[in-house]
Structures are given as C-alpha cells and as structure tokens.
Amino acid sequence: MSKLVSKFGLVTVIAIGGLVVALSAAPSQAAQKRAAHSRAYDGLWSVSIYTLYGPCAAYRYPARIVGGRVVQAVNDFSYQISGAVAASGATAVTVASGGQYAVGYGRLRGASGAGRWSAAGNLCSGTWSAIRRAAAN
Amino acid sequence: MPDARFWADSESDFSRALPPQRGPWLILSTGGADGAFGAGLLAGLSAAGKRPDYAVVTGVSTGALMAPFIFAGARYDAALQAVYTETSAADIFEVGGTGESFLDTWPLRELIAKQITPALVADIAAAHQSGRRLFIITTDLDAGRSVVWNMGAIARHGGDAALKLFRSVLLASGSVPGAFPPVFIDVEDSGKRFAEMHVDGGVGGQFFVAPPALMASTSSYQIAADALYIVVNSGLQPDFQLVDRTTPAILAQSVSTAIKADLRILLDRAYVAAKHSGIGFNVASIPASFKAPSRGAFDPDYMKALFKVGYDQGNSANPFADEPPPFPGPPASVTSVPQPGANR
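So the protein sequences, as listed, match chains A and B.
Every letter in the first sequence is one number past the one before it in numbering that gives the first Met the number 0, and letter 69, counting from 1, is 68.
Every letter in the second sequence is one number past the one before it in numbering that gives the first Met the number 0, and letter 215, counting from 1, is 214.
No lab work stands behind these hints: they were computed from the structure.
Small disclaimer: the values here were computed from a predicted structure and weren't measured.
Some clues are possibly wrong.
Unchecked claim - Derived Cβ-Cβ restraints for the label pairs, each shown as a range:
1) A:LEU122 to B:ARG108: 53 to 63 Å
2) A:ALA39 to B:ASP2: 46 to 56 Å
3) B:SER288 to A:ASN74: 38 to 48 Å
4) B:ALA142 to A:ALA39: 29 to 39 Å
Where is the CB? At the ideal position from N, CA and C, for every residue including glycine.
Taking the hints into account, I'd like the entire structure generated from these sequences.
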C-alpha cells in the first residue's frame, strides 16, 4: 500500500507540473475543422504514455473522441486535453496543466493507435499507444 | 465456497486453517512497486538453492500479488520477474477519478486476469491439497476488519467462480483506498446475497503472521512454524523530501511515514513472538544504500534496479537478518533539529 500511495503523489505532481501526456502536436485550425467531420474514431479511448527521454513520469490517461474532436473523458480537472482526429486517423492533441503543456503526433487505425510526444521545452519525449475501450454511444 | 476465508482476528479459525505439518513460513509485506525487491529476493533464493517449499505463505497488497507465483514454485519465477520488471504504471492504473478513487484500476484487473491463469490456480490447488497454505489479506471496509482468504481452498473449489474470486481477492488486497477503487465481492449469508466492499489489506497491517491477539506481547501463543521469513518490500529508514503543498502530496508522505512506523512495530512483535516460540526469525528489507531514482509510480527502470538488488541479496551468503534492522539515526544531511522561526 505504502509505495503506491506515496508514488501516487507524483501523479499529481507530474500533472500539475504539466509534464503530461500528449497524443500529437496542436493541429492547425483547418485540420481541426476537417477532423470535426470524422466520426470514425469516436468513442472512449485509453492512451498509454512511455517516456524514452527525460525525467517525466509516464501514465495512462482516458480521452473521449466526439465528432472527431478529442475531449476530457472524466471530470479530472488536474489536466485539460484537446485536439482532433482527421478522417485518415491522423491525430493532433495537446494536453495542458498548470500553464504548461505537452504535444505529440500520431495516427489511429481502427481501434488502436500510436505516435510520439514531447513536453514543452523538450524536457521529455517518448511514445504513446492507444486503444479504444468503447465505441461512441 | 466453504473454508474460503475467515476473519483475521479469529484465533480459532486461524488455527484450524493452518497446515497439518510444521514448516517455514514466508510473510510478504505491502510496498507497491517496491515489491520488485521481494520478487528479486525470491528469485535469488531460487538461484542459490536456498528456497524451500514454504508451509505457509501470507501476502498483503503487493505481497499478495506476488504470493501466488512464489507459492506455486520456482517454475513461476520468470513470470514473477516479468510482472515486476516489465510492468509500467499504464499496466496498473488509468488517471482519472471514478467517484470512489483518484485512479481507475481496470488495467490491473486485466493484468491479473492475464497472469493468474487456470494452470497457476490448479498448481496452487495441488499445493493446498498437499498440506501447504496460501493466505491473502484484504480489508472488509464495511466491517472495519481484516479478512484472511484461504486461496488454496478457493483454488481447490475449481471452476469459473473460484477463478473469478481468486483474481478479485488479489485485486482487492492491492487496492489502496482513495487511490484505487474498492473491490466488491459477492457473498451470501443466511440465504441473503450482497456485495462486500474490500480494500487493501495493508489498512489492517503491513504484513500478516497471525491474528493480532496471538501476536500481542502478552500472548503465550507459539507460532506453529519451523522458522519465520519476513520480506519487507520497503526501506525502513526515513525518506527525507520537501513535501509539496498539495493535498495528494501531503497525504502520500503522511501515509508513507505512518507505514514505516507500522512496519517497525509489526517487525518488533514478530521478533518477540518468534523468540518465545523458539523458532528462527529472518527478515529482509530494502537496504538503505538503494537510491535509484524513480520517474513516478511503477517506473520499470526503477523496478528493474530494485529487482536486481533483491536478487543479489537472495543469492548472497546472508539473504536475511536474524533480528529487526536497527532504528536509524537522523539522515546524514540533517545533523540537528531545525528550530522554530525560519520560514518554509
């Protein structure tokens, strides 16, 4: 019990520090507009983060895709997630917390996806993978 | 499911559940990712040829998660090593509140389902049949009491219901309240069915040897073992760090500090009980020299390093100490107690 609780503190530390997860770089407005018309990837997703460089913790985050837009899946105000998915599956997501943010690039295919991410200032970087846990209602 | 469990404070039920033959007992403590130490230690003991078939294995929290592999024998060492060196936080939890906790443990539930196979459970049933015992501890939060699950008896029952219960008990034993959601276990009493809320067994103590009344300093109870081997998946020295002024950080450091104090008391009790039982006392804990950095909960690189420390200790000439580690002095960086007046 002990270490999990003590290490759990780091979850929040990391989240508040903004070294949070990202699926891809912030998309252009045009890309977001195009993506908004794609519903092929709508549903509840779970994104696993892996840190390849830097001291950042790596965790798993939920995300919901609605009408091609990436939004918060749960009422957790320690981080904000936003972005878009194009019809091709190309994703563009930014995760922000405490005035800092992380971005990444990647692609969804069917019920899974993968890509790369980096935190602001290139303090940390790594890869991500995603699975769809539930289709849109 | 008969004989599946008993209250951890029931002396008669505990005595009835014990093996018919004496033998060495292995006690596995809480510790989260630091369970990598215990997993490595047991693998090192295997490599050194110093690992007996323990007559009793008890596990709490991360100790519960490793206990089935250890109880089933050294042929599961590779699987145990993989769990404690290749698992990351993403395999344990997902960030985001559930209404019952800050995190969701559906990944851990899936990991347990993958690792606790019907074949493993069958091996545990066979070991139970031979007279050995595997006890896992959870906390029944409604009752405010610890529960000992007789996992061999559950395994011996067989079938999907037993497999499901076996896995649920392991998940419950490691479900740190607040961080992880509780696990609801369906039970039946006097013809009525209901769901009990179970959380981490560490709420009732960081490891389990016997009911608290039997372990009391005033008790004359004789532990029915040849020797006691306690694996503490934690360091026992203070861990100095400036605590962030956030609720989770304050809670985390407070709980961590309280757990170390609890471990010290439990170790002291176990030592006294072993001495007046006339049996050997053996304890292994994470050495104070281990200082590998961790990038957060369940950092695989940290866990790999800790597994190696445990393995090397298990494979050494003296894997266990024969008395509780001495109380440490103040950290080297602090030579005197700061006095009031300075701003933080």
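These are the hints, each one checked on the structure:
no.: 1; hint: A:LEU122 to B:ARG108: 53 to 63 Å; result: violated, 33 Å
no.: 2; hint: A:ALA39 to B:ASP2: 46 to 56 Å; result: holds, 53 Å
no.: 3; hint: B:SER288 to A:ASN74: 38 to 48 Å; result: holds, 43 Å
no.: 4; hint: B:ALA142 to A:ALA39: 29 to 39 Å; result: violated, 49 Å
Violated hints, listed in ascending order, are 1, 4; each of the other numbered hints is respected by the structure.
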